[in-house]
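Below, each chain spelled out in residue letters.
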Amino acid sequence: MSHAIRADKFLLDADRTTWHDETLWFVREKRDRAVYGVPEFQELRELASGIKNHTLSRLDLYLQEFEAAAQANGVHVHWAADAAEHNAIILDITRKAGATRIVKSKSMLTEECHLNPYLMQHGIEVVDTDLGERIIQFRDEPPSHIVLPAIHLKKEDVGDTFHTHLGTTKGESDPQRLTEAARQHLRAKFIAGEVAISGVNFAIAETGAVVVCTNEGNADLGVNLARVHIAAMGIEKIIPRLSDLGVFTRLLARSATGQPVTTYTSHFAKPAPGKEMHIVIVDNGRTQQLGRPDFRASLKCIRCGACMNTCPVYRRSGGHSYDFTVPGPIGAILSPNIDMKKHASLPFASTLCGSCTDVCPVKIDIHTQLYKWRQVLGEANEIPASKKWSMKFMGRVLASTRVYGLGGQFARKALRLLPHGLTHAPSMNAWAVARELPEAPKQSFREWYAKQPAAQPAPSQTSA
Amino acid sequence: MKVALFVPCYIDQFYPQVGIATLQLLEKLGVQAHFPAQQTCCGQPLANSGCERDALPIYKHFVETFSDYDYVVAPSGSCVYHVRKHFDKLDQTADVQHVRSAAYDLIDFISTVLKVDALPGAFPHKVGLHLSCHGQRGLHQANESEMTPVRDGQLSRLLRSLDGIELTQLNRNDECCGFGGTFCVSEAGISARMGQDRVADHVRNGTQVLTGSDMSCLMHLEGIVRRAKLPIKVMHAAEILNGVVA
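Protein sequences, first through last, are from chains A and B.
FYI, full-length UniProt numbering numbers position 368 of the first sequence as 368, with every residue one higher than the one before it.
FYI, full-length UniProt numbering numbers position 68 of the second sequence as 68, with every residue one higher than the one before it.
If you are wondering where the hints come from, they were derived from the structure by calculation, not from laboratory data.
Errors might be hidden in some of the hints.
[What the hints assert, rightly or not] For lysine-lysine, the following PhoX-like pairs were computed, each having C-alpha atoms within a straight-line distance of at most 25 Å:
(1) B:K85 to A:K363
(2) A:K442 to B:K229
(3) A:K30 to A:K363
(4) B:K89 to A:K388
(5) B:K229 to A:K363
(6) B:K2 to A:K451
(7) A:K372 to B:K89
(8) B:K89 to A:K392
(9) B:K60 to A:K392
(10) B:K85 to A:K300
(11) A:K388 to B:K60
(12) A:K387 to B:K60
(13) A:K392 to B:K85
(14) A:K372 to B:K85
(15) A:K388 to B:K28
In isolation and in its complexed conformation, chain B is listed as follows (with noise of 0.2 Å):
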């Protein structure tokens, strides 16, 4: 099994520590993922902001890119999604087609191709899980709650796994943080007020450690929580999970 790890631009610039959480972990799961240098960007950002054209050529690069590998495993359903979804722009060559089926949110992959879903270890805190809404509603990692009561995922099921763990009930468990790319500078008003009431439910409800498995969410929550000097951590789902397992 060929795995390659995508680390989403601003991961490699901003968390190196997430990249190399999800490197450790896999390698702890007996997967040896390789890093192709030449990788930049998935190209949403320009996608999502109305310039898919400009986006192509970011897209080929991918492709080139990853090509090659059976698994490309990123910790950011919202790059995958958009790698899975929108490089139907693309002409639709085995390779588009291969890369697009072939590209993995790290606990998606974990969950579906590892087959893990429990893993030892202890994480004694109260852990609030951020659903992002990429991961939970495009990729169906996670039960969205406009079709069932049932709060059950990916993650939530990893996490419940560990020792002395306890998840958060939130009052809206998979509202979306309002971070949403550019949105969160175009219409950044609303942006920050939507994270900032994403916040509130998890100190309402005693999270210590605030987690997900997707950094932008979680660069946006971050972003928040140190603005108002929160006494909350946040932190990756795989900074967690690769922490606990030896």
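Chain A on its own, in the form it takes in the complex (with noise of 0.2 Å):
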């Protein structure tokens, strides 16, 4: 199913989409003060790239460095090739401290890992802690936005998923109650955790510590009551030194939410006396990433949500019509990597309009590599074949003045002299469900200008 057929069901509901437009435009328009008020905004953006092409560079020496840190640090450390070692591990970490009760902090990772499923499967209690992630897993639902994974509902929705799971009134929309509710219940599963998994935003290489930036404090409080700790994290959170981070810290919250900083950036690189610490270091997909140099940008990536805020599509068609773990704009880049079939309609849903670029702080060519993915489906013949064999038509009709011109005149008389109903029938031409065609002159400015005295002389003598 491609996207725009999933976008097209979000639409029906009018209503509903203005409503998700509006709330993420609030957002970016939040983001924009913060970045205003920031002089230098736009010279962090350019040194944050500049850190992130040099790690990129040299990922596997910063790696090694890493590693080497973490252990020195009295971490274990882990190596996963993909999803199914990622999730392996985690399980028998989980297995071998004995422990049958998982909370997690928020990890786009594991849910990439698809991490939830497969220990339930398992027989281990999983519970996200970060409450928009907490709601969707109530809903059964992948998450809608990598910051804001339960964007896509109302807080109406909210008080029904907690009438259904925590027993809260029918009816009950208010925040506060819904939030305190949600709090009391995370409490007790907070105190029974016996293994804290965190995402990482970043890792730094000198010091062989994660960092976590949060909102709730959720992974601080996961991860200092339970026993164990795991971090999971893609081979590119990578950044070199303790003082890159600034860098980052300062565009990250500031693109994602408009705040000059997250609430919480938590640094763990040790474990506390008695616990265990271990990080399991995931590649699924991105080594393969980084060896297409169209695409190896995408990887700078820090996971702010900046450009799905911005983005006009996405705004207007909801984070499931992706039907990848990271929707919008980045996730439409990112997803041909793992599944070109299953996500070949992704970069088609953008309009190249490159404001995804333009938020971005880390300065990602987000349009330019939608581009450059379309060209690489169209020569794997992954795009639909109707439009692959106008597009051979139109190549041909617009190398020749004379077929072009031909053709020119055909359909201008053709949409002159058809009935209005035809033309614009909405079966054939989807142009027409909303919009009305332009009026087809009688003239076309060549025919038009061959009549003119100027047309006469040849192209030599001008003047200013």
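Using the hints, put the two chains back together into the complex; each one sits in its own frame.
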């Protein structure tokens, strides 16, 4: 199923589409105000981009440096080539710890690896402790946004969900009361948690520490209460030095939500006495992407979600229309690397307006990569046959002045003579579902120009 | 200065008056532009659809058509952006490099090359300016809201110089209209919704005349305006400027 078909389903509820668009635009505007307030913001982007480019160019070396530093801190470091290995490693650590209850703070990587269903199949309880994540976990839905996982839901939807799962009053939609219900529920889970899993925002090669940015403090609560901490990270999360971190923390929260900094920026360097700390470093397709020169820069992503908030298509189609763990523009350049056939329509779910590139805090050329994925997909025959053949036909027409001129005349004549109901039939003309076609003039510009005196002399003598 | 006029295929066929206004406006500004009759298209519709390879003969045809001119001026920033950015697929001969750097959007040409940023004339209407993404973000003809709150650019400067004009203050100054080339049919639902939202911003804030420097966005927005029978007139900026300058 293509993005367009899933988007059309979302669009059926016009009011909800308006609400979704305005909610995310509000976040984009909040981001703008935060960005305008930092005069050196564009320099910071340049710096961040440079640090990430440098790191990706020496990723193997920095990963080894990170591993050695982490091990020196008493941390167990594990390497996972793919999602299956990642999941097996985490199950193994959990079993060795004799644990059955896991609390998890926000981690898009564990979503990507489908860790929750895997652990539950093996008899382990996993509770997402981020509020948004918990809501969608109750509903058995994937996140629709990487920073705001339940942004597709209204407070009334959350009220219904909590009524079912937490026994709140039916029809309760007061955010304060609903949040309090979640807090009480999660408090018990935190206290019972034996293993805490967190994601990683930044991994510092120099120190072997990982940094986790949250607003709810749930990562800290989980990690500090549990006996075992497992931090899961993609290989691209590395930054070289602790002194590089400030560049990214200044960019991350401003780009994500318009906050100057996340409420918590937690550094985890070594296990507390008597406890264990593990770091699972995951590839899962990343080295393949690193090996694609045109798409390598997508690995600079720090998962702020700004490209989603700004994307006019994402805001009107919802995160689920992308059918990939990371939706929106960045997801549309990451997903074909994983499964080109399945995600073939995503690079086309864009007008190439370029706003994603302009908000990206690490200057990923997102819209250029979308364009380049389209070429890869075209060459691989992963575009609809009708499109492919009409483009081939158009290529012939537009490379010849004569054929183009005759074709244009014919099309305009047809448009003028055929009845409106036929030229605008929605079944045959997707344009005309919501739009009128231009009125076809009798004369094209070139036909007009040929009759002008200026058209006669050769194109040599002109003056300004 | 040898200047060629490039009239993009859809303007040639559907909006000849925009080509005429461009030609006449340039003439009033002292530039006698020539229209090489063998021109067709820049190839963007194919390339944006993932068929860059099929567009290469069109690119070559474009370069052959325009390589003898100092400047190639078009009333459509999107086509110009495509020539400048994506003709990198051709062997970079001297001709190809020349045509890529010689291609100018009309408003960019007036502002940057002719160094004109004010025009004498009156246009006493409330005008809504649609900033086209490829002109704005691609060719940097206007400030991007992603970077700065200052709403300024080449076309808004030119329009503001006209007597009696009032520019609409939009809620979203530079959101994409949703045309997007073949996106307008391959993602017809989202495309239409984006266009409707853009038009609604103009209606809400009192636009009487909707303008811009890229006819492709305007074709899409006009289609929505006409379908909804809204009291908004859609005009390319060249038509406004040519109409007011004596």
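The hints, checked one at a time:
1. For the given pair, B:K85 sits about 18 Å from A:K363 by alpha-carbon distance, which is consistent with the 25 Å threshold.
2. In summary, the hint linking A:K442 to B:K229 is supported, as the alpha carbons are separated by about 23 Å, within the 25 Å threshold.
3. A distance of roughly 20 Å separates the Cα atoms of A:K30 and A:K363; the hinted pair therefore holds under the 25 Å criterion.
4. Of the supplied pair hints, the one linking B:K89 and A:K388 holds, its CA atoms being roughly 19 Å apart against a limit of 25 Å.
5. Between the alpha carbons of B:K229 and A:K363 the distance comes to roughly 42 Å, so the proposed pair goes past 25 Å and is violated.
6. Note on B:K2 and A:K451: the hinted pairing holds, with a Cα-Cα distance of about 21 Å set against a maximum of 25 Å.
7. With a CA separation close to 12 Å, the supplied pair A:K372 and B:K89 stays within the 25 Å bound.
8. As the CA atoms of B:K89 and A:K392 are separated by approximately 18 Å, the hinted pair is consistent with the 25 Å bound.
9. Proximity of B:K60 to A:K392 is assessed by CA-CA distance (about 16 Å); at most 25 Å being required, the pair is judged to hold.
10. Proximity of B:K85 to A:K300 is assessed by CA-CA distance (about 23 Å); at most 25 Å being required, the pair is judged to hold.
11. A hinted pair counts as satisfied when its Cα atoms are at most 25 Å apart, and A:K388 with B:K60 qualifies at roughly 20 Å.
12. Of the pairs offered as hints, the one joining A:K387 and B:K60 holds, with about 22 Å between alpha carbons and a cut-off of 25 Å not exceeded.
13. Distance hint between A:K392 and B:K85 is fulfilled; the C-alpha atoms sit about 22 Å from each other, no more than 25 Å.
14. A C-alpha spacing of about 12 Å is found between A:K372 and B:K85, which places the hinted pair at or below 25 Å, so the restraint holds.
15. A hinted pair counts as satisfied when its Cα atoms are at most 25 Å apart, and A:K388 with B:K28 does not qualify at roughly 43 Å.
Of the numbered hints listed earlier, those contradicted by the structure are 5, 15.
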